[in-house]
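Student: Sequence:
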Amino acid sequence: MTKIFPVSLVLGKTVFTVGQFARNAEKKKSAPPTLAFRYDPKWLKIGFSLGTDLPLKSSVQPPEIKQTVTNRYHEPVYGFLRDHLPGNWLMLPSGEPVCPTNSVDVFFAEPPSLRFSSLFLGTECPKKEPSPILTKQLTGKLTRATESFFRDPSRLNSDEIGLINSLGSTFGGSKIKFCVRSEKSPETEYVLRPRNPNSQVDEPLWAAVSMTLAKKAGINALSGRFIPSLGYLEERFDRVDGTPLFCLSAATLGKPQSNLAALTWLDIADILNREGTSPKEDLRELFARLVFDIAVLNSRDTPENIWFYRKNGGWKLCPLSYALSKPSSLPFRTLQTAVVGKNTLADPNTALSVARYFNLSARQAKEIVLNTLRTTCEWESTA
1 MTKIFPVSLV
11 LGKTVFTVGQ
21 FARNAEKKKS
31 APPTLAFRYD
41 PKWLKIGFSL
51 GTDLPLKSSV
61 QPPEIKQTVT
71 NRYHEPVYGF
81 LRDHLPGNWL
91 MLPSGEPVCP
101 TNSVDVFFAE
111 PPSLRFSSLF
121 LGTECPKKEP
131 SPILTKQLTG
141 KLTRATESFF
151 RDPSRLNSDE
161 IGLINSLGST
171 FGGSKIKFCV
181 RSEKSPETEY
191 VLRPRNPNSQ
201 VDEPLWAAVS
211 MTLAKKAGIN
221 ALSGRFIPSL
231 GYLEERFDRV
241 DGTPLFCLSA
251 ATLGKPQSNL
261 AALTWLDIAD
271 ILNREGTSPK
281 EDLRELFARL
291 VFDIAVLNSR
301 DTPENIWFYR
311 KNGGWKLCPL
321 SYALSKPSSL
331 PFRTLQTAVV
341 GKNTLADPNT
351 ALSVARYFNL
361 SARQAKEIVL
371 NTLRTTCEWE
381 STA
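The sequence shown: position 281 = 281 (the numbering used here), numbered continuously.
To be clear, the hints were calculated from the coordinates, so they are not data collected in a lab. Check each hint, because a few of them may be wrong.
Unchecked claim - Straight-line alpha carbon distances no greater than 20 angstroms define the calculated PhoX-like cross-link-like pairs of lysine-lysine that follow:
1) Lys316 x Lys255
2) Lys311 x Lys216
3) Lys280 x Lys311
As the structure is a prediction and not an experimental result, all values here were calculated from the model.
Please take these sequences and the hints and turn them into a complete structure.
Tutor: In structure tokens, the structure reads:
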């Protein structure tokens with residue numbers, strides 16, 4: 001049986017219906033559910049594409065079949081859908097985590113909501129209940145629940161499963177995170193990334209150090225704080241004063257040099273060159289992030305973690321979120337994302353060689369490199 005799901009998004013204070021999903025979710029042993037998308041005729045006249053895999057045209061468009069996608073999901077998905085899928089840590093009643101192959105099913109099964117970004121299924125903007133305040137009592141419950149989640153999910157009771165599902169249903173990705181408010185700023189929602197007691201590295205602590213260094217280097221980074229024994233609390237990049245922003249990742253907006261090639265930093269820069277609202281400002285910021293990642297080996301410098309939001313008819317670079325530099329024993333330094341071609345070497349000279357693609361002169365680029373290296377060499381005092 002084929003079901004139709006209207007797709008809408010909020011821009012400013014206006015709700016726009018952008019198109020429809022058609023999904024045949026019949027259970028078949030040999031084939032996954034089939035998915036199709038078509039833009040709304042009105043949106044075709046006034047709107048923009050929802051990614052490079054969904055150009056603005058009136059025909060029904062199936063998702064592209066890419067190996068990187070089909071390895072993670074049991075059916076091909078669109079880039080913008082992947083950006084808005086719920087997290088892989090959601091729990092089934094049995095206590096088993098929802099595996100990545102089920103996250104598409106979870107997305108279509110849940111009621112319409114403004115979880116992340118400003119996209120939702122339906123035509124009327126759903127109301128969202130405010131997230132709970134991170135009190136001492138809630139902190140204790142989350143600490144116990146996440147410790148069980150990481151060490152032995154079978155130890156979780158029904159209340160703890162409900163807590164993880166209710167607070168963890170807002171954001172996507174592969175690592176658990178919660179949506180909460182703080183007692184000091186109850187009007188603002190935050191992302192809470194809990195620490196993994198099984199990890200040899202305290203990721204939230206290293207994220208706090210990395211984000212502090214990023215701000216010192218002049219990068220537009222989200223505010224956050226480290227909470228010992230619990231994790232790292234950070235502002236949401238998809239909200240401004242409580243207003244939802246429509247966000248898409250560089251993985252969705254970027255155009256690789258070929259279908260088989262992975263996105264590079266130059267491909268990400270091209271997003272701003274093509275459709276940037278403030279290309280000069282954001283290209284400089286993106287270059288500064290590249291140099292910072294080279295200096296600290298940010299393990300999250302991937303297209304899936306670089307986000308843009310829609311503003312004034314174009315795309316604006318979101319602030320840096322949860323940069324994570326971790327100690328490495330490798331004898332060489334490499335980036336998660338190549339700068340150009342297949343060059344992943346973490347070398348400032350490589351960044352300088354491509355400065356013109358970021359609309360920077362050699363002098364401007366050198367100033368950014370020197371400032372970043374001076375700042376990051378003080379990481380021990382920051383830690």
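Student: Which numbered conditions among the earlier hints are violated in the structure presented, ordered from lowest to highest?
Tutor: 2
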